[in-house]
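Participant: From first to last, the protein sequence lines are chains A and B. Heads up: the first sequence begins at 1 in my numbering, then just goes up one per residue. Heads up: the second sequence begins at 1001 in my numbering, then just goes up one per residue.
If you're looking for bench data, these hints aren't it; they were derived computationally from the structure. Check each hint, because a few of them may be wrong.
What the hints assert, rightly or not - Covered stretches of chain B, going by a simulated chain A footprint (3 or more residues, C-beta under 8 Å):
1) 1055-1065
2) 1121-1127
3) 1197-1207
4) 1247-1260
Claimed, not checked - Computed from the model, here is a short list of chain B residues facing chain A with C-beta under 7 Å:
5) M1011
6) F1015
7) L1164
8) S1167
9) L1169
10) I1172
11) A1175
12) S1180
13) N1189
14) M1215
15) I1219
16) E1265
Heads up, the beta-carbon is just placed ideally off N, CA and C, and yes, glycines get one too.
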Amino acid sequence: MKRILIAIVAMGLVLGMSGAALADGAVFGTAVPLTGPYAAMAEDMKKGSLMALEEINAAGGVMGKPAKVIVRDSMLKGDVALRHFKDMAGQGVKFIGGNLSGGISLVANEYACKNHLLYIAYCHTSLPLGKEFCGWGFTAAVIPYQTTAALANFAFNKLGKKWVSITADYRWGHDILGGWLVNSKKYGGEFLGNIYHPLGTRDFSTYIPKILALKPDFIVLSNYGTDQTSAIKQFAELGLTKKLPVVISKTHIVTIKETGKAYNENVYGSVTFYWGLQDKYPEAKKFVQKFWKKYGQPPSADGEAAYVATKSLFTAMNKTKTTTDVKKVIKELVTMKLHTPKGINRFRACDHVREQSVLVVQGKGAKAKGWDVATVVAEVPYTETLQSCENNKKDIPYGAVKLPGK
Amino acid sequence: MFGIPVEVLIMQVIFGLALGAIYVLLASGLSIIFGLLDVINFAHGTFYMLGAYAAFMATSLSGSFWVGVAASVVIVMLIGAMTEYFLLKPLYGEWPFYPLLLTFGFAVAVPDLMKALFGLIGKVVEYPEGLVGAFIWGGVLVPKYRLFIIIFTAVVMIALFLFLKRSDLGMIIRAATRDSLMVNVLGVNTSRIWTTGFALGVGLAALGGALHAPMVSAIPDMGVEMTVESFVVVVIGGLGSVGGAILGGLIIGQVVSFVSLFAGEYSQVAIFFAMAVILMVRPRGLFGEAGRL
């Protein structure tokens, strides 16, 4: 009995000490899905965040002390992510972030709202919309409808009007589909139908007969990670991508690379960052070269968003000279200029969305060499994709859209 | 039917057969291992993943998809034989859960090792020349690679059946699944039979991985779901029955295919629903009688 009591006391001391250590100084607690279908993308987020941390600490840290980033594996599960955030908050962490799922991002945001933590999403998220926005969350990437706005303009004007959609059956996919339906009306598109698929689907071929029967001008693919890779490879297997354009609501450089020749010139996608931007922005050149040298591959949009989020957060802490006063840091984040690889950006004060452009990229297929896998065909400024503060507050455009089958 | 053209339904059957063929390969391997060793191989999906990676490496080195597929089966069979000999064999006769825990540990550790060796970015195995695209037959679009998978799997299964039923080694394996002690008493080295059976089982999983690789790309976590789904197929067919695994794989392929047509979001859940329905009717699976090949 005595031994058990000593062990419990010792364990308590160890946990107590580790808790104190975790909350000491400037700490950013993150959770990303390092295992599962989005693992490669999450790894990029981790790299981007750690590179920003390294830069901050090389420049003197936060208030003269080294800052810390905690990276935990959410396994793409809401309950796991929430458990990590609760654990970190329980140990005094007041600034949390990460994610790669629109749904999990909203769960994290809700937790941050209730517990008055600052949450920064690196991924597409609808947290600035309607009742989801509570003032404690930030969006370092974009709202899902922004990519559909950028792509729809391109697709309905250049590829045709009739479209079918394959959508991952979870919150992000639903938001994206809502955005497409709104834009389809706007550009005179004809929606032929949608197929929902579960997350982690490997075989997309079974959806192909239905798509072919509908005779669309193009296919909208709204999924991510290995789901996206499998879908494009299987479309290409049938020669589908040679005849029928595929428009991907959110793509990733790793997906383009691992899809190989199948990601050809008839496949388009949206990203918020591509390393080719280094020819346009001097800041991007510096960022890309440093990232590439450090990790042996170019940064992705997810990596860039994590980099911007982490760097902005610690910069705001330095400016406000606090590592604990969340309200002060929030105030600073919405007033300061964000020095990003895409030049100066801002978090919009009304809904905390990063004001940034969306890129439309086109695959290079067999012409791809190394990481030179896509061409940027358009950079759409945020002024053309981001709705007004009032509309976001009213949950428009989604508020008016009835999703098929939901 | 339901306003859907017959051509679409036939295509759906073809895609379902191709998907089912991959399940057949994995589940028959799993059945052989369970029937022979009484080991629930939680690492089966890991060998499927190793098959995809081995195919990637061999294809990259040789430039030939066919060499890649053949090499992947041989490589993974060797890995399987070594795994059985050095890791599983010492646990036979101990607490029955030890082999299960070992394969579970293997399934956790090996993908992490692959992440360290190959990174998280998927490895591309291109479709073999000549099997990309589709041809029209009677108004039906027939995908060449899928047709190849269906025919090839059928050939492999016939060969496996003949091997188990007609060859000396096959008959010894079947006998060992029924009573390995008696086979041992008759002077057969059952230890070697177990190693051979395990290698054969994981070789079939590797073949599934190699054939699937062009459709999905090779990633370290690709075997996780596949293990679960293979178990479902084996349970549907009946534990330890290769014939049941074949029928179970074909049923699941069609279930996924047709649910995808009408309600895509339920295509994965449908697998488990089908299992539940079949187990309600036949609690031991379609051909269920543990320990029979």
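Participant: Determine for every hint whether it applies to the structure shown.
Facilitator: Structure-based check of each hint:
1. Remark: the stretch 1055-1065 of chain B is not confirmed as covered by chain A, as 0 of its residues place a Cβ nearer than 8 Å to a Cβ of that chain, below the required three.
2. Counting residues of the stretch 1121-1127 of chain B whose C-beta sits closer than 8 Å to any C-beta of chain A gives 6, which meets the bar of three, so the coverage hint holds.
3. Using a Cβ-Cβ cut-off of 8 Å, 0 residues of the stretch 1197-1207 of chain B lie near chain A, which falls short of the minimum of three, so the contact claim is violated.
4. With 3 residues carrying a beta carbon less than 8 Å from a beta carbon of chain A, the stretch 1247-1260 of chain B meets the three-residue requirement, and the given coverage holds.
5. For B:M1011, the shortest C-beta to C-beta distance to chain A is roughly 4 Å, which falls under 7 Å, so the interface hint holds.
6. Below 7 Å, beta-carbon pairs count as interface contacts, and B:F1015 has one with chain A at about 5 Å; its hint therefore holds.
7. With its C-beta approaching chain A no nearer than about 29 Å, B:L1164 sits outside the 7 Å limit, and its interface hint is violated.
8. The interface hint given for B:S1167 is violated, since its Cβ lies 34 Å from the closest Cβ of chain A, which is over the 7 Å cut-off.
9. A distance limit of 7 Å between C-beta atoms decides the matter here; for B:L1169 the minimum to chain A is near 34 Å, and the interface restraint is violated.
10. Interface hint at B:I1172: violated, since its Cβ lies 36 Å from the closest Cβ of chain A, which is beyond the 7 Å cut-off.
11. Checking B:A1175 against chain A by beta carbon gives a least distance of about 37 Å; that is not within 7 Å, so the hint is violated.
12. Hint on B:S1180 is violated. Least Cβ distance to chain A is approximately 36 Å, over the 7 Å limit.
13. Annotation: interface hint on B:N1189 violated; nearest CB of chain A at approximately 40 Å, more than 7 Å.
14. Against a cut-off of 7 Å between C-beta atoms, the interface hint on B:M1215 holds, since the closest Cβ of chain A lies about 6 Å away.
15. Interface hint status for B:I1219: upheld, as the beta-carbon distance to the closest one in chain A is roughly 6 Å, under 7 Å.
16. Of the supplied interface hints, the one on B:E1265 holds, with its beta-carbon coming within about 4 Å of a beta-carbon of chain A, less than 7 Å.
This entry does not satisfy hints 1, 3, 7, 8, 9, 10, 11, 12, 13, going by the numbered hints stated previously.
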